[in-house]
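Converting from the sequence shown to our numbering requires adding 95 to each position, the first position being numbered 1.
Take the hints with a grain of salt, since some may be wrong.
Stated by the list, open to error - Taking lysine-lysine pairs in the BS3-like style, the calculated list, with each CA pair at most 25 Å apart, reads:
| id | residue 1 | residue 2 |
| --- | --- | --- |
| 1 | 127 | 190 |
| 2 | 235 | 127 |
| 3 | 285 | 275 |
Claimed, not checked - Simulated restraints, written as ranges between beta carbons of each label pair:
| id | residue 1 | residue 2 | range |
| --- | --- | --- | --- |
| 4 | 131 | 354 | 45 to 51 Å |
| 5 | 349 | 286 | 53 to 59 Å |
| 6 | 131 | 285 | 41 to 47 Å |
| 7 | 203 | 280 | 30 to 36 Å |
These are computed hints drawn from the structure, not numbers from a lab. Cβ coordinates follow ideal geometry from the N, Cα and C atoms, glycine included.
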Amino acid sequence: EPKYVQFFAPGIVTSSSSTTGDIQKTNIDVAKAHGAQVLIQVGNIADAKVALEAGVDGIIAQGSEAGGHGLRKDLGCGTFSLAARIAQLSAAGPKIPVLAAGGMMNGHSLAAALALGCDGIVLGTRLWGSHEGMGRVDHKDRLMTAEADDCLRTTVVDQIYNTYSPTPWPYPYDSVGILKNKLTDEWDGKPQEELASAMEIVAPQYRQAVKDGDTDLGHVYAGEGVGDISSIEGTYDIIQGIHKEAMEIVTSMPKFLQDLN
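Model the full assembly from the supplied sequences, consistent with the hints where possible.
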């Protein structure tokens, strides 16, 4: 049996009796009944409050700067404002770990998250851009030349993907952080109906692009901290480097404060 489980999209699901209609259990209840601790990923304060009330054991506060799937941008919050508020709510009790996610890349990110009251950070794009990260090498190469300005949170990818996938991404999680390309230049910001009317052409092109690794008509997942990636390294070296940098920052603060006085 698993010791830990993570839920997302949605984080909490409630089942009800088919005969009485009475609420029976949530996925949180089921996991805990099997002895597992539960980690929930949320993208806004409202979902965090629900998770806290449900008795989760930890929360990942994923800001809209993150790469990959997350809440639509108009429904989510920035990483630090989100993580700081959730840390405050958790501190009011019962205290549980809060991890900041979205744009977290280096020791500065970790030190800042700790200063906001978080217990750590979650690395997405940074660890995808590693030797161990599963993905095409040419896609990882794109990460090393990209900046935050090259990133975009869009619903275009999932609007296309959901037309043919047996497991479509549900609203409001049908949103991804990727690098801008010809696909997003053409369709992001346009009415969904316009893209839908062109789907017979666009969907096959997209599917083939993903298969071929075409980064112009497919996509490359990336969060807004991508500019910090200058090389593809091993995960051990990445994490050790982040830890070392964060420790240097934290231990230098007493001297910084003393100099201010």
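Quick rundown of the hints versus the structure:
For the given pair, residue 127 sits about 18 Å from residue 190 by alpha-carbon distance, which is consistent with the 25 Å threshold. Restraint check: the Cα-Cα separation between residue 235 and residue 127 comes to about 38 Å, which exceeds 25 Å; the hinted pair is violated. For the hint pairing residue 285 with residue 275, the CA-to-CA distance comes to about 15 Å; that is within 25 Å, so the pair holds. The hinted range of 45 to 51 Å is satisfied by residue 131 and residue 354, whose Cβ atoms lie roughly 48 Å apart.
The supplied range of 53 to 59 Å is met by residue 349 and residue 286, whose beta-carbon atoms lie about 55 Å from each other. A hinted range of 41 to 47 Å for the beta carbons of residue 131 and residue 285 is consistent with their spacing of about 43 Å. Hint check: residue 203 to residue 280, Cβ distance near 31 Å, so the stated range 30 to 36 Å holds.
In summary, the structure is inconsistent with hint 2 from the numbered list given earlier, while agreeing with all the others.
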